[in-house]
Structure formats: structure tokens, C-alpha cells
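Colleague: Residue-level listing of the chains:
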Amino acid sequence: MTIFRLKLIRWKYVLPRLAIALAIVSGFRFGLDPLLKWVLVAGCESAVGAKVELAAVETSLADGTLELHELTVANPNAALRNLFEAEQTQLQINMNALYRHQLVVDSGLLRGVQLGTPRTTSGLLEKPSKETADEPSLLAPWAKSADEFVGAWLGQLDDRLSKDLTAELKTPQLAKELEERWPQQYESLNAQVKSLRAQAKQLEQGFREMRKNPLRHITELQSMRTQLITAQKELASLQQQIGQLPLQAEADRQTLLLARQADEKFIRQQLRITDLDQDGLTQTLLGKPAAQGVASALDWLAWARKKVPSGKAKPPAGRSRGTNVLYSPRQPRFLVKQLQLEATAEWAGQSLVLTGGLQNASSEPQLLSEPTRLEFKGTGAAQVDVVATLDRRGEQDLDHLVIVCHDIVLPGQTLGDVDKLALSIGPSLASLNIDLTLDDTQLSGELALGQQSVRLKPLQSAMRSRHLVAAIEQALGAIQQWEATVEIAGTLTKPQLKIESDLGGQVARGMQTALRQLVKRRGDELLAETQQKVEAQMQRLQEIRSQAEQELLAKLGEGQELFGQLASLSGDSKSELPIPSLSKSLRTNLLQK
Amino acid sequence: MTAFFMRPLRQLAQVFTANESPRQVAAGFTLGMMIGLLPKGNLVVLLLTLLLCSLRVNKPAGLLAAAIFSMVGFIFDPVAHQLGAWILVWDTARPLHSWLYELPMGPWLGLNNTVVVGQLLVGFYLIYPTYWFAHKFVSLLQPRLTKWLSRYRIIRWLRGAELGSHWRVDA
Chain A
1 MTIFRLKLIR
11 WKYVLPRLAI
21 ALAIVSGFRF
31 GLDPLLKWVL
41 VAGCESAVGA
51 KVELAAVETS
61 LADGTLELHE
71 LTVANPNAAL
81 RNLFEAEQTQ
91 LQINMNALYR
101 HQLVVDSGLL
111 RGVQLGTPRT
121 TSGLLEKPSK
131 ETADEPSLLA
141 PWAKSADEFV
151 GAWLGQLDDR
161 LSKDLTAELK
171 TPQLAKELEE
181 RWPQQYESLN
191 AQVKSLRAQA
201 KQLEQGFREM
211 RKNPLRHITE
221 LQSMRTQLIT
231 AQKELASLQQ
241 QIGQLPLQAE
251 ADRQTLLLAR
261 QADEKFIRQQ
271 LRITDLDQDG
281 LTQTLLGKPA
291 AQGVASALDW
301 LAWARKKVPS
311 GKAKPPAGRS
321 RGTNVLYSPR
331 QPRFLVKQLQ
341 LEATAEWAGQ
351 SLVLTGGLQN
361 ASSEPQLLSE
371 PTRLEFKGTG
381 AAQVDVVATL
391 DRRGEQDLDH
401 LVIVCHDIVL
411 PGQTLGDVDK
421 LALSIGPSLA
431 SLNIDLTLDD
441 TQLSGELALG
451 QQSVRLKPLQ
461 SAMRSRHLVA
471 AIEQALGAIQ
481 QWEATVEIAG
491 TLTKPQLKIE
501 SDLGGQVARG
511 MQTALRQLVK
521 RRGDELLAET
531 QQKVEAQMQR
541 LQEIRSQAEQ
551 ELLAKLGEGQ
561 ELFGQLASLS
571 GDSKSELPIP
581 SLSKSLRTNL
591 LQK
Chain B
1 MTAFFMRPLR
11 QLAQVFTANE
21 SPRQVAAGFT
31 LGMMIGLLPK
41 GNLVVLLLTL
51 LLCSLRVNKP
61 AGLLAAAIFS
71 MVGFIFDPVA
81 HQLGAWILVW
91 DTARPLHSWL
101 YELPMGPWLG
111 LNNTVVVGQL
121 LVGFYLIYPT
131 YWFAHKFVSL
141 LQPRLTKWLS
151 RYRIIRWLRG
161 AELGSHWRVD
171 A
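First to last, the protein sequences are chains A and B. So the first sequence is numbered by my numbering: it starts at 1 and just counts up by one. So the second sequence is numbered by my numbering: it starts at 1 and just counts up by one.
Please keep in mind that the hints were generated in silico from the structure rather than gathered at the bench. Remember, it's a predicted structure, so these values are computed and weren't measured experimentally. One should not assume that every hint holds.
In silico DSS-like links for lysine-lysine, alpha-carbon gap of 30 Å or less [unchecked claim]:
(1) A/Lys555 with A/Lys176
(2) A/Lys555 with A/Lys201
(3) B/Lys40 with A/Lys12
(4) B/Lys136 with A/Lys7
(5) A/Lys212 with A/Lys233
(6) B/Lys147 with A/Lys265
Chain B is nowhere near these chain A residues, computed Cβ spacing over 10 Å in every case [unchecked claim]:
(7) Val48
(8) Gly108
(9) Ser122
(10) Met210
(11) Gly322
(12) Asn324
(13) Gly356
(14) Val404
(15) Asp524
Backbone N, C-alpha and C fix where the C-beta goes; we use that ideal spot for every residue, glycine too.
Let the hints inform the model, and build the full structure from the sequences given.
Modeller: And the structure:
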């Protein structure tokens with residue numbers, strides 16, 4: 001060969017080096033796939049913080065294609081669950097850009113992607129990352145406080161309705177007191193009657209003795225006469241007391257009436273229902289679904305903020321000597337122009353087919369004319385449209401997320417304390433629209449939530465206030481659908497939500513009306529029951545009193561007659577009886593018995 | 001092993017001891033001048049270095065020139081930058097530059113850098129003068145230096161080592 005005869009070239013130097021270069025190129029070609037596999041697995045594990053498995057990598061440098069087979073990325077937050085599995089990943093690499101140290105994916109396809117699949121072995125790396133910490137959602141305290149609010153309200157109501165107020169009513173206590181007081185009064189009157197009768201007998205006996213020898217007992221006559229006058233006065237007083245017994249019954253009735261009025265006031269006070277805060281109730285009823293929706297959206301944004309590089313990144317340092325003149329716009333070191341996605345996912349126990357794509361994902365987004373855009377559509381049990389725009393081109397990072405979901409099946413939930421009284425919201429269909437913007441650190445947006453086929457009913461596990469349960473069930477039965485708007489403000493770390501919906505108002509009004517009727521009925525029943533008992537007591541007392549009055553008056557009748565005769569014998573109290581008249585009087589038949 | 005370590009010294013001695021022709025020395029020196037002037041880290045420098053190693057030119061002279069002109073090159077940088085910038089933004093040459101830049105390995109050539117282009121032009125301009133002066137210099141000095149250096153034992157030993165190396169005999 002002519003070229004070997006050329007003396008100009010040092011073939012002794014060139015040929016071994018050419019052979020070495022060929023060996024290196026061959027080694028690179030055949031070792032590229034395993035090397036890429038190792039690099040991809042190591043890189044993905046480092047980025048995700050969980051195990052990454054890859055069955056095979058196939059590359060074609062001529063076509064610039066890269067195929068990944070059976071890529072499995074574990075979930076860093078769940079040991080036995082995958083983040084996703086992809087049967088096949090095809091990437092069309094721009095080889096021209098690769099020569100310029102740029103990895104540009106002109107187009108790509110992720111086929112057979114399954115999200116959240118289970119795995120048999122733990123997918124966690126030995127050294128857990130900080131992201132694996134199970135932190136509660138930012139909105140969890142917000143939803144919890146709302147839940148506690150209605151739980152406390154319902155619990156308080158249940159306590160009040162379950163409480164036995166009869167023991168605290170004044171009317172039955174007063175009636176009992178009157179009933180207990182009467183025997184003492186009767187005993188006292190009866191004792192006085194007996195005492196008077198004994199006194200009358202004693203006076204009669206005295207007068208008998210006096211009849212035998214009036215002159216001898218002339219000095220005692222004055223004393224007996226005084227005793228007789230006193231006894232007559234006591235008799236009159238006793239008669240007056242007995243005669244006033246019907247009047248006392250009337251006074252007791254008046255006292256009982258006052259006590260009843262006080263009881264009515266007491267019952268109204270005890271069973272008074274404080275107005276249920278409509279906004280609070282809205283927050284309670286919608287807090288969880290709204291917070292879940294917003295939390296998911298915020299998680300997306302937070303993840304995007306963390307993973308998608310900021311446009312404020314400094315350009316790479318140029319040569320120290322001279323200036324590079326660029327004849328085409330500078331391209332980022334890493335760029336995915338378009339990546340299609342075909343995936344299936346489980347959501348609320350239902351299968352969802354997701355199709356969509358990622359555009360303009362880049363390591364230096366400030367170099368691109370369009371922002372990064374992730375768009376996918378979910379079909380199947382629910383209709384989901386998600387469009388996320390991550391703009392890192394300006395001075396401030398601007399993220400925009402729009403989620404439109406129809407026919408989502410929301411799982412049931414329980415509000416309140418099941419040991420006392422709780423509300424159960426059955427599974428229902430819902431629609432959810434989220435429009436969220438994160439401008440630098442400032443969060444703004446709106447979440448529109450609509451729910452159909454709602455079934456709200458109280459839980460009867462406690463079975464304490466059946467009437468209350470029935471009233472609430474009746475009040476909530478009419479509510480079947482509602483709509484709510486959640487205004488989102490604040491920052492990503494401290495989001496603020498404000499819910500506006502007619503649901504809270506509907507539920508609060510219904511519940512309050514039903515409960516007020518229930519409480520009024522309960523109070524009326526309580527008062528009627530008490531009144532019936534008291535009236536029976538008072539009727540019985542009245543009968544006893546009338547009987548006692550007759551009996552006492554009958555007993556007094558005998559004494560009264562005797563006192564009358566003795567008084568007629570003793571003469572007028574103002575003028576003294578002359579001895580002859582007294583002697584004559586004493587000899588009458590009156591004292592002969 | 002000894003031959004391997006002694007080779008640079010031997011080759012340095014060759015520059016002055018007429019084992020290689022003045023043309024080879026001058027050509028090596030000229031290539032070294034180009035390598036020295038250009039900023040490193042681009043394919044042009046790599047290609048020139050490959051040429052220096054692959055062609056039958058005096059490598060030590062080239063390496064010596066590269067070392068000298070690497071230091072001298074910084075002095076020419078402002079001029080080279082102006083010249084390169086003028087060439088790179090010259091509308092007539094823009095399609096050529098764009099074509100070069102868009103080549104798969106285009107950016108690796110470094111031909112979009114003002115100093116690289118400027119120094120390359122300076123280098124091209126200096127090729128003939130450098131070669132002519134180097135040739136003249138070596139032609140004049142080589143016989144005298146050879147005679148003078150041959151008096152020293154170390155040079156004789158190095159030349160012997162070179163011969164030994166030729167005949168596969170380690171010194």
C-alpha cells in the first residue's frame with residue numbers, strides 16, 4: 001500500500017494508538033448498555049431516594065434511541081409500594097446535541113406505566129432520605145379543628161337532651177315539701193284540739209266541784225272563769241286556723257304556679273340551643289375533601305418547586321481566554337422536548353387510564369421560549385384533566401396548576417365523636433376544579449367542589465338521644481347536593497383556606513329547626529309530666545286536708561258546746577255573777593251529768 | 001525501562017546533535033508554535049498534537065516550542081481576541097462559521113472562540129517565518145553544537161543510549 005511507504009508518518013507510533021482507540025470504541029459500544037443501566041439506576045435512586053430496578057437498556061448510537069425495559073421505581077414513602085412501573089420507555093436522543101454535552105430528548109414514550117403498584121420486597125434504601133419522614137399534611141390541623149367543632153356541638157347537644165332534668169325542677173320538690181309539711185300541721189292542730197277538749201273537761205270538773213259548795217270555792221271561781229275565757233279564745237283561734245285550711249290550699253297552688261314558671265324558665269335555659277356557626281359547619285363538612293384536594297395540589301407544587309430547577313441558575317462559566325460566539329441559541333444541558341405517557345392508576349379504588357405528556361422539561365428553563373408543561377387526561381371511573389405549567393424563565397418562579405375532575409367517588413367519612421353523637425357522610429360523587437397559582441412564594445387560587453348524591457345521617461351507635469338522632473336525620477334527609485368554593489391564599493408552607501358554600505347553611509338551618517322543635521316538645525313533655533304528677537299530689541293533699549278539717553271541726557264541736565254552756569253559766573266576762581245566781585246556775589241540769 | 005525514562009533527554013540532545021534533519025526540527029518547532037499559541041482544550045490543539053506525534057518531525061523541538069509559545073501566546077491574546085472577533089462576526093464568513101459550529105463536533109473544535117480563531121490566524125501567519133527561522137537557526141547551529149556537545153561524556157552517553165535503543169540494547 002502506498003500510504004505505508006510514506007516516510008512522513010510515524011506508523012510505529014500511529015498504528016498501536018489506532019488499535020488502542022479502536023479497542024476503546026468497541027469496548028464503549030458493547031459496554032455502553034450496562035454502563036448506562038448502572039448510571040441510570042444510581043442516578044434515579046439518588047434522585048428519588050428509593051430503589052430503582054431496570055431490566056435492560058438498549059441503545060442505538062446511529063439512530064440515537066434509548067430504550068428502557070421494565071423500569072420500576074419504588075415509593076420512598078411506602079416500603080412495599082412502587083411509585084410507578086413502566087413496561088417500556090423509548091427516548092429519541094438528539095445525538096448532535098449530545099456532542100455538545102447536552103442531553104436533549106426530542107421525543108419519548110412511557111408505555112405501560114402503572115402507578116402505585118405493590119411490591120414484594122422493601123423499596124426503601126438503607127439510608128432513608130429526609131423526604132421519607134411521614135409528616136402530616138399542612139392542612140390536617142385545619143380539617144381537624146373543624147371536625148372537633150361540630151363534634152363538640154353535637155356532643156353538647158346530646159348531653160343536654162340526655163340529661164334528666166326532672167330532679168332539678170322546683171315544682172315536684174315543692175309539692176313533695178307541701179305533702180310532707182301537712183302531717184306535721186295536722187298533728188299540731190289535732191294536738192291543740194285535744195288540749196282544748198282536755199281543758200274543757202277540766203273546767204267542767206272544776207265547776208262540778210264548785211257546785212257542791214259554791215261558797216267554799218268562791219275564790220277559785222274567778223280563776224276558772226279566767227281559764228274559761230282563755231280557752232274560749234284559743235278555741236276561736238283554732239277554729240280560725242282550721243277555717244283557713246282551704247285558703248292555704250289556694251296559697252300553695254299559687255306557690256306551685258310560681259315554681260312551675262321558674263321550671264319552665266329553667267328548662268328553656270337548659271335546652272337552649274346555641275346557634276350553629278354556619279361557616280364552621282361548612283368548614284367541618286367540606287374541610288376534609290377540600291383539604292385533601294388542596295393538599296394534593298400543594299404537594300404537586302411543592303414537589304415541582306423542589307425538583308424543577310429555578311431559572312435563576314447561573315450560566316456555566318465560559319473559557320478563561322476569549323469569548324464564545326454562539327451561532328444558535330444556547331440550549332440547556334438537559335431537555336425533554338416531548339414525552340408521552342400512557343399509564344393506569346388506582347384512585348379511590350377505581351381504575352383510571354391516564355394519557356398525556358410532558359413538554360419542555362429542562363435543567364435550564366430560562367433558555368427556553370416555552371415553560372415546562374405537564375398535561376394528562378384521565379378516563380375511566382372518573383374524568384380527570386390536569387395541566388401544570390412550571391415557568392422558571394423569569395425573575396420569579398411562576399407555577400400554575402389546573403385540575404378538573406368529574407365523577408370522583410369520594411369515600412364516606414364520619415364527623416364528631418361516635419361515642420356521643422356523630423354525623424356520617426356516605427360515599428358520593430363529586431366534581432373538583434382546582435386553579436392554583438404559585439407566584440414566587442405567594443399562593444393564590446380557587447377550588448370548586450360539588451357533590452351529588454350526598455347522604456348525611458347521624459350515627460346511632462351511642463343510642464343516647466334517639467329523638468335527637470331522628471330529628472337530625474329528618475333535617476339532613478333533604479340535602480342531596482351542594483357546591484362549594486374554596487379560596488386559597490397564603491404561602492406554600494402556610495396555606496390559608498376560606499370555604500364558601502350553602503351546605504353549612506342548609507345543614508345548620510335544618511338541624512337547628514328540627515332540634516328547636518325537638519327541644520320544645522321535650523320541654524313541654526317534661527313540664528306536662530311534672531304538672532300531672534304535682535296536680536295528683538295536690539289533689540290528694542286537698543282531699544286529706546278536707547277530711548282532716550271535718551274531723552277537727554267535729555272534735556272541736558263538742559268542746560265548743562261545752563265552752564258555750566260554761567260561758568253562759570259563768571256570765572258575761574265584763575260583769576261578775578252574784579253568788580245566789582251562781583249557786584242557782586250550778587244546780588241546773590247542765591252539771592248533773 | 002531506563003530507555004523510557006532517558007528518552008526525553010535523548011530527544012532533547014537530538015535537537016542539537018544532528019540526528020534529525022533541520023527540516024524535521026523546523027517543522028516540529030512550527031507545529032509546537034501553533035500548539036503553544038492556541039488555548040488548550042479544543043480539538044484543533046488535539047489534532048495538532050496528534051500531527052506532531054504522528055509525523056516524522058522533531059518532537060522535542062515541537063514540545064519546546066509549545067512550552068515557549070504557551071507563555072508568549074498570552075501576550076498576543078488581546079490582539080488575537082480582536083482579530084478573532086472581527087473574523088467571527090464578519091458577515092461574509094458567518095455561514096462558514098455557522099456550518100462549522102453546527103457540525104456534530106463543531107463546538108469541540110473551539111472555532112467559535114475569538115482567541116482560538118485569532119491565535120490560529122496568528123499561528124498561520126507565523127508558520128512560514130517560524131519554519132524559515134527555525135530551519136536557518138538549526139542549520140547554522142547544529143554542526144557547531146554537535147561538535148561542542150560531543151566533548152561532553154553525558155552527551156556521548158546519551159547518544160550511545162540512543163544507538164543502543166536503536167539496536168535494542170539498554171544503556
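Colleague: Next, verify each hint and record whether it holds.
Modeller: Quick rundown of the hints versus the structure:
no.	hint	verdict
1	A/Lys555 with A/Lys176	28 Å, holds
2	A/Lys555 with A/Lys201	13 Å, holds
3	B/Lys40 with A/Lys12	26 Å, holds
4	B/Lys136 with A/Lys7	23 Å, holds
5	A/Lys212 with A/Lys233	28 Å, holds
6	B/Lys147 with A/Lys265	135 Å, violated
7	Val48	32 Å, holds
8	Gly108	22 Å, holds
9	Ser122	45 Å, holds
10	Met210	156 Å, holds
11	Gly322	3 Å, violated
12	Asn324	5 Å, violated
13	Gly356	33 Å, holds
14	Val404	43 Å, holds
15	Asp524	93 Å, holds
Violated hints for the displayed structure, listed by number in ascending order: 6, 11 and 12.
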